[in-house]
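A.B. asks: If you want the building blocks of each chain, they are given just below.
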Amino acid sequence: MIDPQEADRLALLARQGDAPALARLYREFAPAVLAYLRRATGEPSASEDLLHDVFLHLMQGRGGYTGRGRFRQWLFALAVNAARDRARRLRSQSRLAESLAQAPTPAPLPSADVSIAARETVRQIEAMLADLPAEYAAAFHLRVREEFTYREMAEMTGDPEGTLRSRVHHTLKRLRDRLAVSTGRPEGKTESEMS
Amino acid sequence: MNDRHPIPERLDAYVLEELGNAARREVAAHLDDCSTCRESVAALQAALAAYRSVELAPLAERTLDRLLLLQRAQGAPARAQRRRLFANIAVAAAVAGVIFVGGFWAGLAAQDARSPAPEPLGAPVRASAPAQSAEPRAPASFGTPLRVTFAVAHVDRLGSPAIQDTTWN
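Taken in order, these protein sequences are the chains called A and B.
If you're matching positions, the first sequence starts at 29 in the working numbering and goes up one per residue.
If you're matching positions, the second sequence starts at 42 in the working numbering and goes up one per residue.
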C-alpha cells in the first residue's frame with residue numbers, strides 16, 4: 029500500500045522518467061482504475077486503452093497534478109474524463125449502442141472465499157448496474173467500491189454533490205428492489221399501523 | 042422505542058456511513074427495536090460487501106510495457122537535450138571567460154601604453170614618458186571600458202612609484 033505522500037513522490041519521479049516509480053504506481057493503482065473504467069464504459073478492451081491514456085497523462089505531466097497528497101483522487105479524475113471523452117466520441121459517431129451490443133461487460137467474480145450467496149448477489153448487482161445509465165453505475169462504483177466522498181466525487185467529475193448523491197441512492201433503491209429487500213414501511217407509519 | 046421507520050434514503054446513508062453522529066445514533070436506536078429495518082440494513086450491507094469483494098481484474102502487463110517503452114523513448118531525447126544544453130552553456134561560459142580575461146589584459150596594456158600612469162606622490166613626471174611612447178597592444182575600442190575601472194583600482198591599490206616601471210608584455 030502506497031501512502032499519499034509516497035504516491036506524490038513517485039508521481040514526480042515518474043514524470044521525470046523514472047521507470048521503477050511508474051511501474052510501482054501502475055501496479056498499485058491501475059487495477060482499481062481499470063475496474064472503474066470497465067464500469068464506466070462497459071467495454072473491457074477499450075478500458076485497457078483508456079488506462080494506458082490515463083497513465084500516459086501521468087507520465088507526461090499533463091493534467092496539472094501538483095501533489096498535496098491527493099494522487100489517487102487525481103488519477104480517478106483522469107479516468108472519469110477519459111471515460112467521458114470516449115463516450116462523447118462514440119456518441120458523435122453514433123456507435124455507442126452498437127459497441128455496447130458487441131462487447132458486453134463480462135461479470136467479474138467475487139473472491140474465491142466468498143460464499144455462493146455472495147456470488148449470486150454480485151451477479152444481481154452486475155445485472156442491475158448494466159441496466160442503469162453509465163453515470164449512475166460509475167457514481168455507485170466510486171462511492172461504494174472506491175469509497176470517495178461526494179465532495180471528492182464532485183471535484184473529480186464536475187457534477188454537483190446533490191446529483192451524485194441522487195445517482196447513488198437511486199442505484200441503491202434499484203438494488204434493494206432487485207434483491208427484494210424491504211426497507212421498512214414509509215416514514216410516518218408506526219409498526220402498529222402497518223400490522 | 043422509535044416507532045417511525047426512517048425513510049429508505051436515510052437507511053442507505055446509514056449503510057454508507059454518511060450520517061452525522063446524532064442521526065447515526067438515532068437510526069441505530071431504531072434498528073435496535075425494529076427487526077424489519079435491521080434485516081433490511083443487514084441485507085444491503087451484505088450486498089455492498091459482496092460488491093466490494095469482487096476481485097480486480099488482472100492487469101495486462103503489456104499496457105505497462107508500452108508505457109515504459111514510451112517513457113524510455115521520451116526520456117532519452119530529453120536527457121540528450123539536457124546534456125547538449127549543459128555542454129553549450131559550459132562552452133559559452135568558457136568563451137565568455139576568455140573574452141573577458143583577454144579584454145581585461147588588453148585594456149590594461151592599452152592603458153599602460155597610451156596614457157600616463159597615475160602620478161604617484163613625489164614621483165617625477167618624466168618617469169611615465171617611456172610608457173606614453175609605447176605601441177598600443179590592443180584596439181582602443183576593446184580595452185577602453187575596462188581601462189577606466191582598472192585605472193582607478195590601479196591607482197588606489199597600487200599607487201606607488203614602482204608601478205611605472207611595470208611593463209605588460
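Worth flagging that the hints you see were computed from the coordinates, not collected in a lab.
A few of these clues could be false.
Claimed, not checked - No more than 20 Å apart at the CA atoms, straight line, and that leaves these computed lysine to aspartate or glutamate pairs for DMTMM-like:
1) Lys201/A with Glu58/B
2) Lys201/A with Glu96/B
3) Lys201/A with Glu163/A
4) Lys201/A with Asp159/A
5) Lys201/A with Glu148/A
6) Lys201/A with Asp74/B
7) Lys201/A with Glu102/B
8) Lys201/A with Glu189/A
9) Lys201/A with Glu154/A
10) Lys201/A with Glu183/A
A.B. asks: Of all the hints numbered above, which does this structure not satisfy? Sort the numbers upward.
C.D. replies: 2, 6, 7 and 10
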